[in-house]
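Visitor: The two chains are supplied separately, each in an independent frame; assemble them into the complex guided by the hints.
The primary structure of each chain is shown beneath.
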Amino acid sequence: MVSLFKRSNQLKASLTKTRASFLTRLTALVAKTEVNEAFWAELEEMLIAADVGVETTIQVVEKLRVRAEQEHSRDAARVEAMLKDELLARLQVPALPPRPSATPYVVLVVGVNGSGKTTSIAKLAHYYKAQEKRVLLAAADTFRAAAIDQLKVWGERVGAEVVAHQPGADPGAVAFDAWQAARARRADVLIVDTAGRLQTKFNLMKELEKIARVLQKNDPTAPHETLLVLDAVTGQNGLQQARAFKQATPLTGLILAKLDGTAKGGIALAIAQELGVPLRFVGTGEGLDDFAEFDAREFVDGLFG
Amino acid sequence: MFDSLSEKLGAVFKKLSGKGKLSEADVDAALREVRLALLEADVNFKVVREFLARVRERAIGEEVMRSLSPAQMVVKIVNEELIKTLGEPAKIDLSGEPPHVVMLVGLQGCGKTTTAAKLALQLRKHQQKPLLVAADTRRPAAIQQIQTLGKQLDIPVHSEPISVPPPTICANAVERARDGAYSVVLLDTAGRLHIDDELMRELEEVKQKAKPQEVLLVVDAMTGQEAVRVADEFNKRVGLTGLILTKVDGDARGGAALSVRSVTGVPIKYLGVGEKPDALEAFFPDRLASRILGMGDVLTLIEKAQETLDQEKAQQAAEKLLRAQFTFEDFLEQLQQIKKMGPVSQLLGMVPGFSQIAKELPADVTDQQMKRVEAIINSMTREERQHPEILNGSRRRRIALGSGTSVQEVNQLVSQFKQMQRMMQQLKSGRGRGLFPVIPGF
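Going line by line, the protein sequences match chains A and B. Residue numbers for the first sequence, in this note's numbering: -1 to 303. Residue numbers for the second sequence, in this note's numbering: 12 to 453.
In case anyone wonders, no lab produced these hints; they're calculated from the structure. Misleading hints may appear alongside valid ones.
[Claimed, not checked] With a cut-off of at most 30 Å between alpha-carbon atoms, the simulated DSSO-like pairs for lysine-lysine come out as follows:
#	chain 1	residue 1	chain 2	residue 2
1	B	K162	A	K150
2	B	K220	B	K140
3	B	K57	A	K82
4	B	K287	A	K150
5	B	K222	B	K102
6	A	K199	B	K136
7	A	K199	B	K140
8	A	K199	B	K287
9	A	K61	B	K57
10	B	K162	A	K199
Here the structure is a predicted model, which is why all the values come from computation and not from measurement.
If we strip away everything but chain B, and leave its shape as in the complex, we get (with noise of 0.2 Å):
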């Protein structure tokens, strides 16, 4: 299905070659394959419906980059609008008074308790003081479980005897942390069916008790369509802040993220990467919606063109320098570009023939002193900036005062950058290779 996905794409990618803006044809024709994507990783399909509506919207019309084809260019949207759609990642919030309550739910064999152990014992790397709560009484053996991983990461558990309704354990599990000093409380709750209105009460008890701050829904990666299902009933429940997607060392490409977080809108805070206690990661949602979309090839492509664009930019930046209209709005987006692509050094050796002189640069531009040559230029108005040589004693006294730098500094700025185009005029003619000044900050 993979690779016969990447074949469909690049055939669409080679019929649809035309530049321009992205017709309604183009963005059809690309979504038709995007969808197929988004449904083979188990995204919901109203959810896919819904997104690629967006999408669409945001797409026809749009100008194509240079070097992409329109379909790329749809993906590259895809992308990004995934990218939002998944939402920056949260941490878990300890903000208020201690013991905080954080509460596990989730259906069966999700991996909660396994959850709750990672979680605790990152939370104690953070110089918190976790209690661990068994409030699952209906497994067997599931106090057991969370009472072994307990020792065996030398957590405290509090666990009652499984007569005692979850609700009451769980309260009493807070009155604890609060006499011994705990700072955070770990609800792990018993796994449930959404359907199930008994235990589905049964947790709006244990949350009405314990008054948790966080609700957090455990969600397996590979689950499937039923995924929105099941958030949105826990989030009417229970009011769920946020979620785990767990067993993402799987390859499951975890389209129930999507799905999840479309419907409860709640943040994803962290990511269950194996069997092990500390293989709880952060979440970084380009590197979610990359494996949810499954077009890493398409992506990569999308990327590099995107780098050519740039160097295409640099490009014309030096050959303008070579005529010497080299302005100063020009060397601000440079040192644009330069923070994103390394020194200028670099910069003038994609130019034939400065490969030479890029090497006498020195390469160790630190970040400080880009920034003040920024933030010089910055204070200039336009004019000043394609028009040096208006630069008189006040102005530069009120661009030094703006920039909170110096008029000593902004002379220097100025009279190198002359000299700067000056040379350029000298390397035109073919004379002065190796005389290039050195610039503030360069």
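Isolated chain A, as found in the complex (with noise of 0.2 Å):
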């Protein structure tokens, strides 16, 4: 997909902001000491303070240490390139299958409460928008008080149609209605919200399931996306989040929302990983153009700053 999306100065900013300190940091370090062991405890640290997790830093030290030995290195320089080339290849998932060009293209976007699955439909809306799309979203959380006023006053903002039912409706029959009016009016594409839910929720999990089930009745091969939205801030229990929404209703990728603060979403690295889900998107404040098409370079550089 071509960007049509020019990047937000604040994005590089906060993408980019402390691009050198980690290369700084490192070259001190080894300046003073080498490359010895608590040059590898400094970098464990780093890596589990941008929540990459104990598992991966593990996993990624343990490597680098084995290739820096290999190579005879001791040049920071050399093992920031390694490492960067061992997080980037963390980050490549196997390729998943073409998606069809259905019309109306469909998007469902879930993720637990507060994670700002809103905000980033409302961004994605604008997304598309920027693309000539014709977008059409679907009000499905009618559990959340004012969840439906919420998107309302986006879709004005963003110049997009919302389907809505009553608060407290049937999330399936409000995705069904609105795929039906996005057929009508020749919408490109739907974006459904949903209602936040804990992933060890097991009923609202199966909603979840019913609500993919139920546009599949309109469309069998939708939802043609579905996103999960993950605050940036969130720890080790994202790889659970992801790993319970992938079982309720195959993901095709993340949105990592809220980067623009000092958070670095590093468990990201163990989703891709362990559970092959790419990152798609990145959200990096409240306005409409704070989102941009996930770069793994700029993530990776991102995580150190």
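Guide: Laid out in structure tokens, this is it:
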């Protein structure tokens, strides 16, 4: 997909603000002590601090140690390059089967409470609008107070129609009607908002399956995308979230939201590696433009900010 | 990760089966695994480092309890320190003159609005008259959200157009509370990033104008390493008085709670455990500690080992009783054990051959009776406890006075204690089964 989307300066800044600092820190360390135990311990801490997780950290550091030893390398720049290679490799996931070019192209957005689904949907709608697509939003979060109102406000700002029922209505029915409306109004993209749910709630996860099933009554290939919204501040539970949501409805990607804070979202590495779910978009603020396609290199650089 | 962690711990336990005092090697080997467990639970790595240094200092040289391995002993100490660090639960401070202003702050999506509604409901149950305040003018439909919740719960909501700055809204709300005799004002502020200087300044202004007596940080239980920085910033800018941990009904281990506690030192006040308005619970440090440590099986093992230890003590006492060396001191120790374990009948039931006698003892020993007996024994000198025969009239008067009982009760206890000792002798020689005397209170 060709990005017609211009990266905001804020996004660039937030992703690369301290690109140099990692190298500086490593170099300082090497100059003092060479690549010794303290060096590796520091590297471990940097990864842990970015929420990369114990298991991934141990694997990565172990691999680098072996490689550094093989190459007899104590050069900080070399180790940094190796580290980046390793992390980039981990973000690579096996290619998903090509997505059918259906109309409407159905995007289901899921996630735990407060992860930033509705805001991400607005940005995603804006993103598709920038590609001259006609976008329709389905307010299938019928549970949370005023969730429908929130989506309507965004719909107005973005210029996308919103299909909604009453609060408390069946989310499957909303999704069904929204698809029909999208079809009738010749919308290119239908984005379905869902209620936030903790992945431990069995019934709510079943409800998600039902929404997908209902959409398939209209179009057996729907949903064409199922995106999990993950708050960048999330720690190790992110992996459990991705696992559970993937089980309920196959995920095609992650939206890493709220990356404009100090959190790095390192758990996405484990999600890509272990579950094969790729990072697709990042959200970096409350504005519609604070959103971009995922760039692995930027992300890896940002991890050590 | 979970499984492999338990396995690893198991391996450590096997390796270290020595007894005696905890050596540095024991402690370090066990703490390596604990460190991984805490990091997996999202406790900030710096907090982990400080915490484990503290544990290490306390653990090295500590006597390993019988029936525990050194590694288990370390985990026991870790658990105790964790509970201590998490601190005692605290209620919302409603001292002084109403209206009491409570301000909720936190990142976007941490659950402030839901928590505000839950708090309002709980306060109303405690005969307070809460007023919810929609101080989030930024997020689309945030005001509608809290109004909807207010309507559902029948709790009034103070709101103003989004053009009004939040500090003004909050100040007006406090005014309204004063006029309308509301006792608690709950300020639901907008979610914001801790590094957003402009919005943090707005929060400072809200605090200045509304003068809250509680500023509560709402923290999502699944927060990762950044919890420390978030809490630190909010604390520096607005001075926190407490924490509320939300989404505890998920399966996040909640290490963020420990991080935030360590940085701010303010107490955890509530846990959010569901989407329903009544899903707000008190916080229990031991439960949260074992959740964070994630070593439930190991902790159960340690508990069991401790129980065994108590049983061993009880058996020792019972055997002493049999040898008729039974003194008032043993008796007191038994009373203390009984408090933990159940009636003396059970205690005797553990001794082979005594189960019959145990059955004949009245089971309904009340705390009140037990306290009196304990008081009497506590008022004896050590010598008196070991040699009850020296208890003459004046000693007995002194004991009665000291324990707040009567000489008669002291007499009764002493004579029946002697009878009990004699009975032991008879039992030893195989006579007198089933003639166990009933001592006062038993």
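Visitor: Starting from the hint list further up, note which numbers the structure goes against and sort them upward.
Guide: Those not satisfied come down to hint 7.
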